[in-house]
Amino acid sequence: MKSSCRFGAIAALAAASALSGAETRLPADQLAKAIRTDSISIPTPGELFAALSKPGKPNWIGQYRGPVPTTYRDRAQIALNLGGLIADGFIAVEAKDSQQVKNIGSDIIKLAKALGVSENLLRRGNSINEFAEDDDWDTLQEELEATQNEVKSSMQTHSDQDLVILVSLGGWIRGTQVVSSSILQNYDQQAAKVLRQPALVSFMQSKIAAISPDLRDDPLVKNVSEQLTEMEKLVSFPAGQAPSVDDVRKVNTAASKMMTAIRSKTESQ
Amino acid sequence: MKLIPTLLLSIFSVAFSVSLCADTDAEVTARKEALDLAGAFTNDGFKIRDGHWCGTIKPHEHALIAVNLYAGNQYWFSVGATEQAKKIAVNVYDESGKQTTTDSYNAGDQVAAGFSCTSSGQYYVSVDLLDGEESSFCLVYSYK
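As you go down the protein sequences, you meet chains H and B in turn.
Residue numbers in the first sequence follow the numbering used here, run continuously in steps of one, and reach 269 at the last position.
Residue numbers in the second sequence follow the numbering used here, run continuously in steps of one, and reach 1144 at the last position.
For the record, the hints were derived by calculation from the structure and aren't laboratory data.
Remember, it's a predicted structure, so these values are computed and weren't measured experimentally.
We put the beta carbon where it would ideally sit given N, CA and C, even for glycine.
It cannot be assumed that every hint is accurate.
Simulated DEER-style distance windows between Cβ atoms [what the hints assert, rightly or not]: (1) B:Thr1024 / H:Thr24: 26 to 36 Å; (2) B:Glu1134 / H:Gln190: 36 to 46 Å; (3) B:Thr1118 / H:Asp246: 18 to 28 Å; (4) B:Lys1058 / H:Thr24: 12 to 22 Å; (5) H:Arg25 / B:Gly1108: 22 to 32 Å.
With a straight-line cut-off of 25 Å between C-alpha atoms, the simulated DSS-like cross-links for lysine-lysine are [stated by the list, open to error]: (6) H:Lys233 / B:Lys1098; (7) B:Lys1098 / H:Lys33; (8) H:Lys57 / B:Lys1144; (9) H:Lys33 / B:Lys1058; (10) B:Lys1058 / B:Lys1086.
Take the sequences, apply the hints, and build the full model.
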């Protein structure tokens, strides 16, 4: 009953739309001290794709890529690819493609197991399959997000917390590659605005700077980190201004270059 | 009809997170309150982000949490708190620190602020304890 009343109140609120917008400004020193965490300050690929879909439905199937190897040995590379695969899962959900969701779900579990993360993930894999069978797209999206969080939580409990940011980073790079590619296919100023994220890239760079020296010196992490510096400049458009087609192309080229490095297997692998 | 599975999933997520994130009992309570409120917005097509921030807040102080949002999306930031909090407020500020105009919902220890994002980038969510004693609170957000 309590909930029903509350929902009613919220419905009334929507109609009344009480506004609170006094001209208040927080000083820069307070903004600098704001809490920033992986779990709430880094948006999911689902949020990015939701924004991209506003001006018109993108051709999600056109953004598929071939299967990602699941036999990497380098833990940093596994973490980065895991993030990219989770982003692929969101794309398949947007495309409402149950078989693709199941294929990607299976690859996510394989990669996660290679990192030795929680056995609970097997249950997540089964859930993804069941929801895909039932075409339950909203729940699938939640399940993908929960899977990503479970991977990260498991990394933390296994003292692999340094890998967490790499999962987030891999997802962001793949999401940015897909979104910029989609915008290039059908340029729209409103859609192009989603690419502006300088603070997000800066935050991820600061997290990478804080990981252990060994992991930071991993050739792939070093490579991606260096490219991220360039990427920060590419996504730093003035607030409210849409990037041009050429700007979007540069972002896409940079993201694609990073994805190629993340995905490529070396001779030793 | 989709609300029930969504809420069940959210409750499951709470239980799961408790064991992994070692939130305090008070933070778990606050998170349940926040998810309860956020669940109402799913009726309007909002998806609850499976991430949260829990902490404590003292009277007349505020917690500031940085989020990165996308132009074109609509957001609701829902905050739940323990019963020591008599009145809390949630506000959203843009990357320059300027307060944005938001829709608001306020039921004492449960508050929410909603707005449509027109410029992608970093925003700050402020949670203020206006009345009551030191309390645990939790922030979750939804988007569509």
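Status of each hint after checking the structure:
1. B:Thr1024 / H:Thr24: 26 to 36 Å: holds, 31 Å
2. B:Glu1134 / H:Gln190: 36 to 46 Å: 44 Å Cβ-Cβ, so the 36 to 46 Å window holds.
3. B:Thr1118 / H:Asp246: 18 to 28 Å: This hint holds: roughly 23 Å between Cβ atoms.
4. B:Lys1058 / H:Thr24: 12 to 22 Å: The hint (12 to 22 Å, Cβ to Cβ) holds, given that Lys1058 of chain B and Thr24 of chain H are roughly 20 Å apart.
5. H:Arg25 / B:Gly1108: 22 to 32 Å: holds, 27 Å
6. H:Lys233 / B:Lys1098: Given that 25 Å is the threshold and the Cα spacing comes to 24 Å, the pair holds.
7. B:Lys1098 / H:Lys33: Given that 25 Å is the threshold and the Cα spacing comes to 16 Å, the pair holds.
8. H:Lys57 / B:Lys1144: holds, 14 Å
9. H:Lys33 / B:Lys1058: Holds, because 17 Å separates the two Cα atoms, which is no more than 25 Å.
10. B:Lys1058 / B:Lys1086: Given that 25 Å is the threshold and the Cα spacing comes to 12 Å, the pair holds.
The earlier numbered hints are all upheld by this structure, with none contradicted.
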